[in-house]
Amino acid sequence: MGFLIERNLYIPSIDAWIDPPEPRPRAIITHGHADHARSGHGAVLATPDTVEIMKVRYGEDCAGQFQKLDFGVPLEINGTTVTFFPAGHILGSAQVLIEAQGQRVVVTGDYKRLPDRTAQPFEPVACDLLITEATFGLPVFQHPDPKDEIARLLKSVAAQPERSHLVGSYALGKAQRVIALLRDAGWDKPIYLHGAMIRLCELYESLGVDLGELVPATGMPKPAMAGQIVIAPPSAIRDRWSRRFPDPVVCQASGWMSVKQRARQALVELPLVISDHCDWGELNTSILESGAETVWVTHGREDALVYWCKQQGLNAEPLALPGLDDDGGEGGE
Amino acid sequence: MKRFAELLELLALTPSRLRKLEALRRYFSEVPDPDRGIALAVLTGELDVRNVKPALLRDTVLAEVDETLFRLSYDYVGDLGETIALIWPHKAEGELLGLSELVDLLNHTSKAELPKVIGGLLSQAAIHERWALVKLATGALRIGVSARLAKTALAEMSGIDLQEIEEVWHGLKPPYTNLFAWLEGKAPRPDIDHAARFHPLMLSNPIEDKDFEKFDPRDFSAEWKWDGIRVQIVMGKDGVSMFSRTGDDIGASFPDVVDNVLGQAVLDGELLVGHDFDAKSFNDLQQRLNRKVAQGKQMQDLPAFVRVYDMLFDGDEDIRALGWEGRRARLEAWFDKNPQTRLDLSEILPFGSWDDLGKLRQRGADEHGHEGVMIKLRTAPYVPGRPKGFWYKWKRDPNVVDAVLMYAQRGHGKRSSYYSDYTFGVWKGNEIVPIGKAYFGFTDEELKQLDKWIRANTTGSFGPVREVKKELVFEVAFDSAQKSGRHKSGVALRFPRINRIRWDKPAQEAARLEDMDAFVG
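In the order they appear, the protein sequences are chains A and B.
Here the first sequence is numbered in the working numbering, starting from -4 and rising by one per residue.
Here the second sequence is numbered in the working numbering, starting from 271 and rising by one per residue.
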């Protein structure tokens, strides 16, 4: 049976690509992370939030033209219908449903199912062909409740009031989620930001995500940072930038942090297992819920998930998409 | 169990030794008996959960998890224990038992029942606890904590000297209730069997130039400084043990020594290898050290012996309060009564003045590769630790070589934002080949300058390692050089450190590989 979409995520009937790594005349973008959203496309179709994120990151003119499409609103082009459903990964992140000739194809993009007030909550979508990510596609990944992880962070802050806690988080999505989780756990002091975080946090706030008082960390006197929480990109927390803080506790918020050997290699003292992707169980649930008979797996540890799908009697194969970060970078940030 | 899991995680991930000690202190003073004793046994490697082996854990998991998925996961995680902890698919209500109850349960469950019991425990454990549970059950901690660190925490917590704790340690058993009672001042020092225990060693201080002016050579005795490992042989009524300087029992690796000694005593000496008491290099000894159990062929090619230089107990009489001369006389008399094939006496070097000894030391280094000489006060009692004024080491002058910085790697802990581990090399024709790695010998200020230079002169990076322009010269000091198959240069340095940074010296003037031949003994 032929599918509406090709294995490189090209949709011939509407001459459009999903998350293409090279500039294309027409692109559908699932979300704003750099391994999905690139600059230089002719026309971009994305959710309103994703369009704003792309403009902030790459500039107003990073694509020839933008078309915004709200969640749940079908858009028909030459007999093919495109609809966005929330993916729950970051603000504006979408799954793409493509329908034509009675066939339904869903491209999940990156997604998660745990509650997160900084992203529109995931909705399952029924389909015939599911193209799913597999960033954490191994049964060793069982994400804990992020509230418990934040509680561990706050406990550490309380126990070591003379030190700064530096939380390594990707600038788009993870940083805002960590801040929101801290606020919801009752942390109402200012949260300090590395310069790379500031614009995106401002954007989230302008799009209606309340993050509380945020202060640039650069330029603060060292003693004032004792007992404070600082959010910074993972690359900065162990580098020269971190020397301005009093005896910092290096923390990192990432799904990879469940593997202690990895945390040790990365010199992380307090690993926080907070992921913006599905864990193994959620991937399994999502595949079964979709009702898809065929599953294409991409982005990560495809082998295990393809093997599991076949055990469930599904047609499954890995997609080797070019230009994707295979390891270590969650969401390619 | 929750508390213990938190402790293990903190110990595994905290780079700072001080913080590890603080966490251990807090744990031992806040957690009651017998749990804290079991934790101590786990940390010191003394706990043996007999029936739980990695293979049994693996089979338990494979009964619940698809084998292919397990294999793919293990490939990814790389550590069997951690894979098991992360992949366990079931959750159950209830809290885990306390540490000591858990160990009891595991030790009193029959082999046939164990998989079911372990499965139940894994289900009950929260995700952070599972990791600790697997570590506990298999005994393979690998979290960067030594038994000595745990004992140091006990010393700090109680104010009792580490030496004293080590002295009783080998007579104690988990859960160490009597030890903790003593540490907390609630009971006297545990009374333990004399013969089987380790007695902490007496160590030396480096001698300084000004000492020679103060000291009268007639008050001192001298011996060669042997290049082996320091051991204590405890020869009791019921058997012979051999301990390393930290109190680890290493007798099993050297049956050729412990099975072939005669008499009763506690002796202090240097473990060496070679035929007829002719000591081979440290490199040769290392081949035997790396084996847990000795092999016949190795014992034939590299027979071990101990060069004895002191005596702590003569029979079962404690003679540590005697002066060195008195102990030496007892030791010589003991050797006369108990002829030995695997023990010999360290010879006394005759000298009239410090100049004489200096010449002897130089000759010993040049002709026999001796590390230096030991100088001992004739009246000194045997005092554990590093007392001042009694024993001195006078090492031969270090060798130095000018080498070129090749790669730099980030350090750990406080230094994790600095490039502080350096690989350097010497010229081989037109290329530079690595001869060693060093991460100390410079000041904090120099470290900052080096870090800056490295960042400005990087030519490539591989993960945490940066390759730099081959332009900066280090004067590297080292104790000796050996042939090595591991380095491309074929040479490896023993105990290298950065002596000086030669900002002024052009790389072309650094040493050549041929120059190293002179150092390879």
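Treat the hints as calculated values from the structure; they're not laboratory data.
Please note: incorrect hints may appear among the correct ones.
27 Å max Cα-Cα, derived DSS-like pairs, lysine-lysine [stated by the list, open to error]:
| hint | chain 1 | residue 1 | chain 2 | residue 2 |
| --- | --- | --- | --- | --- |
| 1 | B | 507 | B | 381 |
| 2 | B | 456 | B | 480 |
| 3 | B | 698 | A | 217 |
| 4 | A | 305 | B | 361 |
| 5 | B | 495 | B | 698 |
| 6 | B | 629 | B | 665 |
| 7 | B | 484 | B | 550 |
| 8 | B | 698 | B | 665 |
| 9 | B | 495 | B | 484 |
| 10 | B | 665 | B | 739 |
| 11 | B | 758 | B | 698 |
| 12 | B | 722 | A | 217 |
| 13 | B | 629 | A | 142 |
| 14 | B | 718 | B | 739 |
| 15 | B | 456 | A | 142 |
| 16 | B | 272 | A | 150 |
| 17 | B | 361 | A | 150 |
Hints, verified against the model:
1. B:507 <-> B:381: Violated, at about 37 Å.
2. B:456 <-> B:480: 47 Å, violated
3. B:698 <-> A:217: Judged against 27 Å, a Cα distance of about 48 Å means the pair is violated.
4. A:305 <-> B:361: The hint holds at about 26 Å.
5. B:495 <-> B:698: 34 Å, violated
6. B:629 <-> B:665: 13 Å, holds
7. B:484 <-> B:550: 36 Å, violated
8. B:698 <-> B:665: Not OK: residue 698 of chain B and residue 665 of chain B at ~31 Å, beyond 27 Å, violated.
9. B:495 <-> B:484: Holds, at about 22 Å.
10. B:665 <-> B:739: Between residue 665 of chain B and residue 739 of chain B the Cα gap is close to 35 Å, so the pair fails against 27 Å, i.e. violated.
11. B:758 <-> B:698: 10 Å, holds
12. B:722 <-> A:217: Status holds; Cα separation ~22 Å.
13. B:629 <-> A:142: With a Cα-Cα distance of about 71 Å, the restraint between residue 629 of chain B and residue 142 of chain A is violated, given a limit of 27 Å.
14. B:718 <-> B:739: 18 Å, holds
15. B:456 <-> A:142: The given pair, whose Cα atoms are some 43 Å apart, is violated under the 27 Å limit.
16. B:272 <-> A:150: This hinted pair holds, its Cα atoms lying about 15 Å apart.
17. B:361 <-> A:150: 25 Å, holds
Of the numbered hints given earlier, the model fails hints 1, 2, 3, 5, 7, 8, 10, 13 and 15; all others are met.
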